[in-house]
Amino acid sequence: GDSVTQMEGPVTLSEEAFLTINCTYTATGYPSLFWYVQYPGEGLQLLLKATKADDKGSNKGFEATYRKETTSFHLEKGSVQVSDSAVYFCALGSYNTDKLIFGTGTRLQVFP
Amino acid sequence: KAGVTQTPRYLIKTRGQQVTLSCSPISGHRSVSWYQQTPGQGLQFLFEYFSETQRNKGNFPGRFSGRQFSNSRSEMNVSTLELGDSALYLCASFLDRTQPDTQYFGPGTRLTVL
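Residue numbers (our numbering), protein chains in the order written: chain A, 1 to 112; chain B, 113 to 226.
Rather than coming from a laboratory, the hints here were simulated on the basis of the structure. Predicted, not measured: the structure shown is a model, and the values here were computed from it. Hints are not guaranteed to be accurate.
Unchecked claim - Derived SDA-like pairs (lysine to any residue); straight-line CA-CA distance at most 25 Å: (1) B:K125 with A:T26; (2) A:K60 with B:K169; (3) B:K169 with A:T26; (4) A:K68 with A:S3; (5) B:K125 with A:G41; (6) A:K60 with B:K125; (7) A:K52 with B:K125.
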């Protein structure tokens, strides 16, 4: 079945460092891919999405490109801030079902 | 436009009790999904409703049930609570099923079972 694999956390960075969180997926058909972020004590917020191969989603300095050839959707940010500290979830949505399949989440900790 | 709202935000129950959680989707959204989030299992899909009909169901026991009303508001019910039901329950709403659409999440209801 469909699945999402995310890199283990926590990821610990200093402010202004470059961020990469790896995400790969297995899916039949042509899924849409999402990154959600969860701040402490809150629900999930959509960070960015891509609906087809080679699409690039971007928001708040974060970017991810839908790579069909490598089945990946890695999240990147050029310069992280302390306020980016949160848990990041990669997710897949397919035509066959309305449920989102989530990765296990990656905790990001950014220190001043 | 108001976001997804969930009530209550926090609940404390004891084993054997039942609980009902409520979710109001974004205005105009007709689909509602429910997810359970726990430290051990992560985010797991419970069920999804569209126009008062359950369209999809995850792998949870029959103690977990839900429904949707004509105004798209949804409730989920858990009967005979167990300690393992302690979790954050998230509701998401989206517009349509014609494509893998963006789901917008509420803040969640944190259920603690003692």
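Hints versus structure:
1. Our distance criterion of 25 Å between C-alpha atoms is broken by K125 (chain B) and T26 (chain A), whose separation comes to about 38 Å.
2. For the hint linking K60 (chain A) to K169 (chain B), the alpha-carbon distance of about 34 Å lies beyond 25 Å, and the restraint is violated.
3. Restraint check: the Cα-Cα separation between K169 (chain B) and T26 (chain A) comes to about 21 Å, which is no more than 25 Å; the hinted pair holds.
4. Pair hint K68 (chain A) plus S3 (chain A) holds up; C-alpha atoms about 15 Å apart against a cutoff of 25 Å.
5. Distance check on the hinted pair: K125 (chain B) and G41 (chain A) sit about 20 Å apart at the alpha-carbon level, within 25 Å; holds.
6. For a cut-off of 25 Å, the pair hint linking K60 (chain A) to K125 (chain B) is broken: about 39 Å separates their Cα positions.
7. Of the supplied pair hints, the one linking K52 (chain A) and K125 (chain B) is violated, its CA atoms being roughly 44 Å apart against a limit of 25 Å.
This entry does not satisfy hints 1, 2, 6 and 7, going by the numbered hints stated previously.
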